[in-house]
Every structure is written in structure tokens, then in C-alpha cells.
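> Chain by chain, the residues:
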Amino acid sequence: QSTIKWRMQTYAGPALAAHVIDPAIEMFNKIAGDRMQIELFYADQLVPTGELFRAMQQGTIDAVQSDDDSMASPTDVTVFGGYFPFASRYSLDVPVLFNQYGLNEIWDEQYSAVGVKHISAGSWDPCHFATKDPIRSLEDLKGKRVFTFPTAGRFLSQFGVVPVTLPWEDIEVAVQTGELDGIAWSGITEDYTVGWADVTNYFLTNNISGAWAGSFFANMDRWNELPEDLQTLFRVCCDQSHYYRQWWYWGGEANLRVNGTKMELTSIPDEEWAQVENAAVAFWDEIASEGEVQAKVVDIFRKYNADMQKAGRPYRYG
Amino acid sequence: MSQEHIALFMFGSMMLMLFTGQRVFGAIGAIAAIAALALYGTGGQDIPFSAAMKLMKWYPLLTLPMFIFMGYVLSESKLADDLYRMFHVWFGNVNGGLAMGTIGLMVLISAMNGLSVAGMAIGATIALPELLRRGYDKQMVTGVIQAGSSLGILVPPSVVLVLYAMIARQPVGQLWLAGIIPGLMMAAMFVIYIWIRCRLNPALGPVADDLDQVTPQEKRKLLWAGALPLIIFASMMVPFVNGWTSLVESSAIGALAALTASILKRRMTWAVFHTCTKQTLVISCMFMWIILAALGFGAIFDGLGAVNAIDNLFTEQLGLSPWVILILMQLSFIIMGTFLDDTAMLVIVAPLYVPLVGSLGFDLIWYGVLYTITTQIAYMTPPFGYNLFLMRAMAPPEITLRDIYRSIIPFVGVMVTALAIIMAFPEIALWLPGYVYGN
Amino acid sequence: MNALLGFSRAIDGMNRVIGLIVMYSVFVLMGILLWSSISKTFFLPSLWTLETAQFAMVAYYMLGGPYALLSGGHVRMDLFYGEWSLRRKATIDVITVLFLIFYLVVLLYGALGSTAYSLGYWGKAPLEFFAGLITGTEEVGRLERSSTAWRPYIWPIKATMIFGLFLMLLQALSELIKDVARATGRMEPEART
Ligand SMILES: NC(=[NH2+])NCCC[C@H](N)C(=O)O
Ligand code: NA
Ligand code: NA
Chain D
99 QSTIKWRMQT YAGPALAAHV IDPAIEMFNK IAGDRMQIEL FYADQLVPTG ELFRAMQQGT
159 IDAVQSDDDS MASPTDVTVF GGYFPFASRY SLDVPVLFNQ YGLNEIWDEQ YSAVGVKHIS
219 AGSWDPCHFA TKDPIRSLED LKGKRVFTFP TAGRFLSQFG VVPVTLPWED IEVAVQTGEL
279 DGIAWSGITE DYTVGWADVT NYFLTNNISG AWAGSFFANM DRWNELPEDL QTLFRVCCDQ
339 SHYYRQWWYW GGEANLRVNG TKMELTSIPD EEWAQVENAA VAFWDEIASE GEVQAKVVDI
399 FRKYNADMQK AGRPYRYG
Chain P
32 MSQEHIALFM FGSMMLMLFT GQRVFGAIGA IAAIAALALY GTGGQDIPFS AAMKLMKWYP
92 LLTLPMFIFM GYVLSESKLA DDLYRMFHVW FGNVNGGLAM GTIGLMVLIS AMNGLSVAGM
152 AIGATIALPE LLRRGYDKQM VTGVIQAGSS LGILVPPSVV LVLYAMIARQ PVGQLWLAGI
212 IPGLMMAAMF VIYIWIRCRL NPALGPVADD LDQVTPQEKR KLLWAGALPL IIFASMMVPF
272 VNGWTSLVES SAIGALAALT ASILKRRMTW AVFHTCTKQT LVISCMFMWI ILAALGFGAI
332 FDGLGAVNAI DNLFTEQLGL SPWVILILMQ LSFIIMGTFL DDTAMLVIVA PLYVPLVGSL
392 GFDLIWYGVL YTITTQIAYM TPPFGYNLFL MRAMAPPEIT LRDIYRSIIP FVGVMVTALA
452 IIMAFPEIAL WLPGYVYGN
Chain F
10 MNALLGFSRA IDGMNRVIGL IVMYSVFVLM GILLWSSISK TFFLPSLWTL ETAQFAMVAY
70 YMLGGPYALL SGGHVRMDLF YGEWSLRRKA TIDVITVLFL IFYLVVLLYG ALGSTAYSLG
130 YWGKAPLEFF AGLITGTEEV GRLERSSTAW RPYIWPIKAT MIFGLFLMLL QALSELIKDV
190 ARATGRMEPE ART
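Chains as they are written, first to last, in this note's numbering: chain D, 99 to 416; chain P, 32 to 470; chain F, 10 to 202.
Careful: at least some of the hints might be erroneous.
Here's a subset of chain F near chain D, in silico, CB distances under 8 Å, partners left out [claimed, not checked]:
hint	residue
1	E92
2	R96
3	S123
4	T157
5	A158
6	W164
Hints in this document: simulated from the structure, not taken from any laboratory. Here a beta-carbon is modelled for each residue, glycine too, at the ideal position from N, C-alpha and C.
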């Protein structure tokens, strides 16, 4: 019996992957041993992120870690991956939405229809601005060229932000060469981990989403060929990766705000920031009107957030 | 096949294909496509094309046609004629002075374009016939022009440093600044070399005897010619270094500045314009197709795990010290550069080397300068070298192939010395970017 | 053979004309980049400049590639090649240009697949999909959009690439024909059509 070999590509570059995926894959390879080995490739390494989904569909790549938005998956749920504005406040919101509020079923149906297995969704960090110049009011957002997720960018452009999408690995240099004024792609943990804190000076404490949502996917045929125990092992390792991020980011965000020395914190006052939150309400409606599936997901978000609001502290404050 | 065998197979057959004289991009692309279909497994056939999508997203490549166009405007519109005359008049009255002035000319031309072709063309068509007519030693001056023009990629703007920046993920601005002092140092070393040789044997570079008629007024007026390259250089670099314009925007400004200058000086005829535009297309396409093929090659090489073989070789199997590894890498670049295209070499090999260099604790900006000098050497060393090709094509008939080959020997010696000095004293490269960007 | 040479001349003529037109798009590129710096300095930066510039660059080198091939712009390593007689060069090229053609076919096939995807086809037989589009048995599905905030449709640039690769393939065939003619003495070795 020969070793099953998978190629997997993540949308993260090596510095970030060292935390968010390397340990899980190493674990998988160690346990699966001669039965199966996964070789991991980083952002754009084998195929560019824009071609990632198709590459997985065709079997050029066997498995992928990404949010739906970055790889522009051809489904109705694409916009909800990455940072959907104000859909979640905490990183635990994401698994609850998927496991208890019915998103798993919707995702499964959507991806099965395009020949891809949706394995599980997990959550990452909140979405903050890291910029060269300080942001203290909405006015300061105007004209800023910022690397961000497509849907977040669409939302932010109404405030004069100019969203730019570049290969992940090029971001640090693009800030230095003047292609970008900043980044709205992560929380502060990532800013420090991947080197963005070295090229930007300010961190805005307001965020447009409390937690990123992204998933593990596999080519449907490759997935079905796996014996059940290896499927289970793969799921377990994905869960391990989700779990690692829960504490790594949660602890990291607080620690670096308090003890980090590379970025100065700024804030937009709550009353002013409320404009952004209100704009999100309109944005949700806009997306819901794009289709049935979108409407269903937005309804789930509404229901969930209403429940959290009613539950009160510590779920939601005010 | 083991990863070692795959690495060997892919590199070996690529070399073999190159030796047949097929177009470089075709040779590399064909091997990539064969390996993709034969070895990769499901979906391999899509990788060569997905490299095209990757290339599209490599935004710094947008600068390539701009810098190439700039170079052609410069050489085709004879914008540098006055510049040549300035150096001629100011330096002509010492032994070897015209040759030293030619190096100065090359430095200024380098500041106005991103490749070495422009310097080469100007050197071979304006300076070379003049120098020969005045009895300069033909081997020495052929070498002067080849060596001098190679400064084009070390002094900013530099296409090679942009390409390196993309692969190594390093800021172009810092790399460009890092190239300035080493470039000037190398120019100075060329000048010293010429001076010494002409001191020992004044017949190599006779004093120009027709400069008496030039009035001091005229002499001073000629100095203005030197302002042009500085203006073009500044129009591009000042907004860029200050962050007012981005890299790709600056490249367009540079191209526009060169075009405007040539129009203002009434040198831009329709014929010249047509030639510049056409040549820019041809040369840009040559670069782009090589990069396309090499990106595909690299992705398949990666996907087949052959990269691990190279890593193992350097770090585990040989068990060498960082400096020895670094020197071996430089040597392998120089050797590969004698028969492999520099762009292909960069796109294929640098992704394997650069992370290793970084993990050994070396500075990647500094390494970019080392890489660029190595490339310059590769341009000039037979059998395969672009500058050799160009020289062969452009030199006057009395210069034989033999002259060209022999002419470069001492200059390559100077360049290797410069390489060694910069290796020993990284500050030569790193001081300026550190000073300007303040870290 | 004469018919083939006629074909080759036609291809050369066509690609020459296309090249001489496409070469001016370098100024389109320059214009976009200049607009980008102007708009950024005086107004709000535009969403579309970077991606549009990238599309222009791709069109530039894909559609211009055949002209570069025709005019001998793609460098070769001439360690041995440079020494050979013109006839010998042509003979060797007859064989090795087949490798180039193979590469271009793989690229073209990849481009067809990727373009089919951009038109909403998820299957594994892009050629059948395109045939079906023409005969009406297949339909355009979900159109791929760029994963940027500007979200342009991707198929136009991919279709441009198909066209460029197709021209490139034709040009490589034309080179093959000329090489055969030169190698067999039907055409002067140095002659260009
Ligand atoms: N990879 C290449 N095709 N390089 C060509 C450029 C070489 C030439 N000597 C220059 O710098 O202008
Ligand atoms: Na230069
Ligand atoms: Na060489």
C-alpha cells in the first residue's frame, strides 16, 4: 500500500502559517505516517490565490485553507467568508454560527454543488487598520489605499477607503514602496507576527469585524477516496488548528495592545464609529437582496446577533 | 522518482534544451510543461498557465516596459551626445582621460534607465568610434564600455533590482539606494584601473590634441549637459523616495520625463519614436515570456518537492558554515550565469537561495547588491552574455570577437574585487538606505 | 510546401500588423500609471488603476509576443548555436521548435480551461464547453470576478490571453515551416518572409 500524498495550499504566507497551519499539518503527518502525507504550500506558491479555487476543483491542489472571499469561490456564500462587516464580535461567534445556527449545512450544500468538500469553518482575528499615518476620525480614512479583503473593501469604500488587493507576500514591501498606505486585514497579533508592525506606525482599536471566518476545503474526489479514519484524522487536525487560533489571537490581541511597542494605538470615538455600524445594516440589506442564499445567511446573522444582545453581558455590552 | 532525481532531471534537461539554441523561454517552458504532464499528477497541465495569472499580479513588473522605454529614448534620440562631449572636453587632456570620462558618462546614463542596453548602445555608437579614432587601445576601450554600461543595473533605477525585490520580497527603494554607493565605488575602481594602466603605458590612451580651441566659456556651458540626467533622475526618485508616488507610478514619470526631454531638445522624430516603441515591445516581451516560463518551471519544481533536495544539499548534507554557503551560492550564480539567462536564473534559483540566505542571518538588501554585481559579471562573461551579444552586434568592424572576449578579463577582475569588498564591508551597501529610511 | 510557405507569410503579415498596433499600448499603460499618480495627488485615488494597468500589461506581452518571435527578439543561448551555419541552425530548430510548440499548446489548453471556469463552467472538458457554447447546448454560468473590491469580470482578459497564445502558436508554426524550408534548401537560410 503506497502512501497517499496531498498537496495543500494555504492563503497565508510562511510567517503566519507557522502558527495557523504548520503545527496542524505536522501533527497530521506524524500520526498518519506512511499512510498519508500532506505537503503544505504557502500563499501563491503553486498557484496564485485568484486561481486557487479552480485548482482545487480540478485536483491540481488537493486541499485548501482559505476564506471564501479571498479565493472568490463561485458560490453564493463567498461574501460571508473573510470579514463580513459586523457579523461577529468574538472569535467564538464563528463556530457557534456554523455549528448551532445552521451555516454548516448551507456551506456544505453550496460547495458540494461546485465539486468541493467544505470540511470545517474556523475563526481568526478581528479586522483592524494598521496604517502609516494615524486614523482618529472617519475623515482620516479618506483616500487611504489599504490592503483588505474584497467584501470588506467594498463596504469600506463608502468611507473613502481605496481597497487594494495584492499577493499577500507583497504587502510589506508594497507599504514601503508607497503602493499602500496601510492594511485592514488582521488584528494586532498578525501585524506583529508577519512584520507589518515594522512598516506601519498606528493601530486603530475600532474594528469592522470581531472575527474572520475561513475554512478548510478539499477536492471532492480526493476527499471521498480517503478511508474514513483518515478523514476523521484530517477533521481533528483542522479542529486543532481552529483551537490554536482561538487562544493565540485572543491572548495576543490583548497582550500586544498593552505591551506592544511598535505601534501607537488610536481610536475613533464611539458616536462617530456608530456611522460605520449603521452603514453595515444597510450593507447587510444590500447583500441580502442579491439572492435567496444570501438572504438566508443574513437572516441567521440577524437572529444570532439579536440573541446575543438579549443575552447581555458578557455576550454583548450595551 | 526521488526529489533529488527530479531536481536533477529538470535542471539537466533544461540545460540540454538551452544548449540546442532554442529560444530561452521555449526551452524552459517546454521542460516545465513536460514535467507538469509527466510527473505532477492530476491537474498538472494547468500550472504553466496559472503562472501567467501569477505574473499578472506581480505589480512591480509594470515598471519593466517603462524603464526599457526610457533606455531606448535615451539611446535612440541621441540625448546623450552633449553629455559625451562634456566628458570629452573636461577629461580629454590627460592620458586615458577619454576612457575615464566614458565611465563617468556611463554612470550618468545609468541614472536615467533601468538596464544596461542604453549605455551599451550609446557607448558602442558614440564613444567607441571616437576613442578608436584617437588611437585608444581597442581592447581596453571595448572593456570600458562593457564594464561601464553594466552599471545600468546597479545605479537606480534598476530592472534587475526590481525583479530581485519581487523574489526576495524586499523593498525596492532600499535596494535601489543600496546600489548607489557600490555602483559609484565600482565606477571609481574602473577609473583607477584605467588611470594606472595608462600611467604605465601612455600609448593605451593618448591625450586629445584638439581641445585647445575649446574656450573656457564653452567648457563651462557644456557642464549644463550634466544637468539633464540629474533632472530626469530627480523627477523620478524624489517623489518615490518621499512616498508621494509609488514605484510603478514613478517609473511612468521617469519614462515621461525622458520622452519630454527628448522632445524639448528636438531629438524625437517620428522615426525615432517608432523605433523606441517597437524595441520596447520586443525587449519587454522577451523578459515577460522568460519570466512566464520560469515561474511555471519554479511552481512545478516546487510542487514536485524538488526544492527540498536543494535545501538538503546546502544545509544538511554539506554541513557548511554560513559564509562558505554564501560564497558557494555566489560562485554557482557566476557559473550558471555563463550559460543561463539572468532573469530565468533569478526566477528559478533565487527562490531557493534567498530564504536560505535569510535564515543564515544575512541581510537580504545587501545580498541583492551582491546578486546584481554577479549578474553584471554574467552579462559580460562568455559564452552566454547579453552584453557580449550586444557588443558583437554594435561594435565597429575592426573589433573582433577575440578582442571582445579578451577585453573583459581585467574588468571582471575589478568587479570580482568589488564583490569581495562589499561582502567584507556590508556597510558600503547598507549605509545609504539606512540613512535615508532611518533604521 | 508552397502552400505552407504562403500560410507562413500570411501569419507573419498578420502578426506584424498586430505587433505594430499593440506596441502603442505601452502608452496606455503609461497613461494609466500617470493618472494613478495624478488622481492620488489631487483627488481620491482610483479603485481601478492598478488592475487595469495589469490587464494592459498582460495584453501587451501576450499579443506582442508573436511579433517578438517573428522579429527574433526572444534570446537564445548561442554557445554552440552561434557557431553553426544558417542551414544547420534551421535543421536543429526544426526539431527544437516542436518543444516550444508543445509548451504553447499546454499554455493554450490551460488558458481555455481557466477561461471556461471564468464563464461558469466547472467540468473537466473545456473544449466541449466552448463547442457547446457555439452549438447552444451549453450556457454561460456564474461569471468569475476578480477578488478585489472593484470586482471586474475576469473573462475578457483571459479571452485576450487565449487569443494571444493562439497567435503565438500560429507564429511558432510559421517559424517551423520556414525552418523546414531553410533546412531543405527551399528558402535562402537568411531570408525572412
Ligand atoms: N534577462 C535578460 N534577458 N536580460 C537582458 C538584459 C541584459 C542587458 N545587458 C541589460 O541589462 O540591459
Ligand atoms: Na540604472
Ligand atoms: Na555570461
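> Work down the list of hints and note, for each, if the structure agrees.
Hints, one by one, checked against the model:
1. E92: Interface hint status for E92 of chain F: violated (40 Å vs cutoff 8 Å).
2. R96: Violated, about 43 Å.
3. S123: Since the shortest Cβ distance to chain D is 7 Å, the answer is holds.
4. T157: This interface hint holds because 4 Å falls under the 8 Å limit.
5. A158: holds, 3 Å
6. W164: violated, 13 Å
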